[in-house]
Amino acid sequence: MNMYNARDRGAARVEDPWYDTLASGSGEPDDTDSGTRRAGLPAAREVYTEVHGSAAFQEVRRRYRRFVFPAAAAFLLWYLAYVVAATTAPGLMARPVVGTLNVAMVAGLGQFATTFLLTWAYARHARLRRDRVALELRWVTQEMMRGRGR
Amino acid sequence: MTGDQRSLALLLFGVFVAATLGITTWAGRRRHRSPEEFYAGGRLFSPMENGFAIAGDYLSAASFLGVSGLIALFGYDGVLYCVGFFVAWLVVLLLVAELVRNCGRFTLADVPAARMRERPVRIAAGVSSVTVCVLYLVAQMVGAGSLVALLIGETGGRARAWTVIGVGTLMVVFVALGGMRATTWIQIVKAVLLMGGAIALTTLVLIRFRGDLDALLGTAARNSGHGVDFLAPGLTYGGGWTARLDFMSLGLALVLGTAGLPHILSRFYTVPTARAARRSVIWSIGLIGGFYLMTIVLGFGAAAVLGTDAVRASHAAGNTAVPLLALDLGGGAGSTGGTVLFAVVAAIAFATILAVVAGITLASSASVAHDLYGALSRRAGRTPRGEVVVARIAAVGIGAAAIGLGLLADDLNVAFLVGLAFAAAASANLPVLLYSLFWRRFTARGAVWSVYGGLLPAVVLVVLSPVVSGGPDAIFSGVDFHLFPLQNPGLVSVPLGFLAGWLGTVTSPAPADVPGHAAKHAETEVRALTGAGAA
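First to last, the protein sequences are chains A and B. Take 1 as the starting number for the first sequence in full-length UniProt numbering and just add one per residue. Take 1 as the starting number for the second sequence in full-length UniProt numbering and just add one per residue.
Fair warning: there could be bad hints in the mix.
[Stated by the list, open to error] Covered by chain B, per the in silico footprint, the following chain A stretches (three or more residues, Cβ under 8 Å):
no.: 1; stretch: 85–92
no.: 2; stretch: 118–124
no.: 3; stretch: 133–140
[As the list claims (entries may be wrong)] Distance windows between CB atoms, simulated:
no.: 4; chain 1: B; residue 1: Leu206; chain 2: A; residue 2: Ala89; range: 25 to 33 Å
no.: 5; chain 1: A; residue 1: Asp131; chain 2: B; residue 2: Gly516; range: 24 to 32 Å
no.: 6; chain 1: A; residue 1: Ala89; chain 2: B; residue 2: Arg33; range: 53 to 61 Å
no.: 7; chain 1: A; residue 1: Trp120; chain 2: B; residue 2: Val228; range: 33 to 41 Å
no.: 8; chain 1: A; residue 1: Ala121; chain 2: B; residue 2: Arg33; range: 38 to 46 Å
no.: 9; chain 1: B; residue 1: Leu10; chain 2: A; residue 2: Ala85; range: 40 to 48 Å
no.: 10; chain 1: A; residue 1: Glu136; chain 2: B; residue 2: Pro495; range: 34 to 42 Å
Keep in mind the hints are simulated off the structure, nothing from the lab. Bear in mind that the values here come from a model prediction, so they are computed numbers and not experimental data. Idealized CB from N, CA, C, for every residue including glycine.
With these hints in hand, go ahead and build the complete structure from the sequences.
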């Protein structure tokens, strides 16, 4: 934990994207005032662009998007289908399944089950397929920034 | 409520207030006056602590008493709320939590502002954050007033007014003196109490029915007076197409609004890394999911044990279902067990309201100080410490405004305010967040348009809706200017927010002509996914 912070502080001195929006409060359009303050910025920009183009980063990005976009589309569709069915087809939802359990109850509990399941799947995917590479890229980016920033 | 119950409930609540004030003093003693400390509590909370705090922030009295009451009155239709409130967390987990933690610093507006670096973007996002917070805050304050009046049994306006003033004053003290650290610990304590109370009551319900859920549902259906219809949707939303569309609108606002609530997003900044933010969301999903499952059992349990008519007789909207259920499960009116359980539930409900309003007040004061004051102040030489002073003053101001509005809005039906807060969050905050994080071409104009293009329709449509005018339950029942048939604007305003953001972007100069556009997008993506340079 402390290691993270120590490293972050170093990076933050070089490039702090929130700082100029804060400093721009002094009234002038952003460029005059923060232009000097952002002397190190072109270097930082190069670093980010370079990392963004690297194969390792594109792989992390692809893995993330390939998981979350289909997963988000799937659960949103499943939820909307559930809401639409509940409001427009109460007859179907009232059909009994077992005992007092009807389709509506099963679908509602199914929503809970799929949410828990997807949470687990996402956590597992992120832990196994993304975290390590992302952390390495973080250090690489910050090292590069330190190399060029001063 | 009898005298014994009242004094016991007040005693328990007094203990909670004393404990939270103790926490505030302890947190305020650390004399760090940095924004890092005030807005983000030092960023060193563990995922488990933050997970409990998120659950504490999210689970309001509306969930604990309101939703279970809805289930007790209308059966399955109340379950739809639980599902919407819960599934929404997948949007937070998959698309928002980690990326926001990496790209932002203190507030929601930090995320688009870090990419666009233009003042109008920050101001727009700040305005919509404050609007959403104030709507939510007033709903909670009014809810607090009527709830306390209900539980203490003083229906007079005086008890209600003093409750609103008392709750408002306490929340200002917590936030202004303790900042995020105190607020977080209050949320954690409250979440533990709330989960404990829900687990205890659920266990008692299950014991009453010997663990047979089938018997529980069967009895609930029998005692509801609706038979098997009670276990299927349609008792409230089965009417005409207006009622159906209205529920779809609410459902959309619920599932997309959570990811745009400023007080939820600012919780991710209290942990050190994106990975910790992810793990805190996983904790909170476990807690919130468990809580809503228990709410379903408690709602049907109240219908089964008490009967729907008894619940409705006590309070027309069913808010007293769970306290009455506690009284019955503890042994009935007059018994010691019943008295204790009722008082405990009442005290938990107070604690819940207090914690939620503190969280929202903190988020809105952060937005005022960090986003609006930061962007609008023309004074040179502003310091981070000065910003914290502004935030503390803003907390006092927002608290005073919330007390005032809460007193004015005394008799209003507040359910629509919560729905409106979610709808505004979904239509104004979510589009700008998602576009900033995922769309390469997105521009500053798109950001500003998407915020106002979602916020204005949401607010205007509510003003033109039947909750404001036209009906017997409307705010202005004498006049009729309702042009929009639905109570919740989400179905229209959420697509409008996304559309406006798209429109603003495609009418901007092509990104190839703007120097640095691609680099800023590359920076946002690298920072979002790796955490490089994160605060």
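Hints, verified against the model:
1. Closer than 8 Å: that is the beta-carbon criterion, and the stretch 85–92 of chain A has 4 residues meeting it against chain B, so the requirement of 3 holds.
2. Proximity of the stretch 118–124 of chain A to chain B, defined as three or more residues with a beta carbon under 8 Å from a beta carbon of that chain, is established by the 4 residues found.
3. With 4 residues having a beta carbon nearer than 8 Å to a beta carbon of chain B, the stretch 133–140 of chain A meets the requirement of three or more and the stated coverage holds.
4. Taken as a hint, the range 25 to 33 Å holds for the pair B:Leu206 and A:Ala89, whose Cβ atoms sit roughly 31 Å apart.
5. Checked against the hint of 24 to 32 Å, the C-beta distance between A:Asp131 and B:Gly516 comes to roughly 30 Å, which is consistent with it.
6. Range check, A:Ala89 to B:Arg33: about 58 Å between beta-carbon atoms, so the 53 to 61 Å window is met.
7. At roughly 34 Å, the beta-carbon separation of A:Trp120 and B:Val228 lies within the given 33 to 41 Å, and the hint holds.
8. Taking the beta carbon of each, A:Ala121 and B:Arg33 are about 43 Å apart, inside 38 to 46 Å as hinted.
9. Distance hint check for B:Leu10 and A:Ala85: the Cβ-Cβ separation is about 46 Å, which falls inside the suggested range of 40 to 48 Å.
10. Distance hint for A:Glu136 and B:Pro495: a CB-CB separation of about 40 Å, consistent with the stated range 34 to 42 Å.
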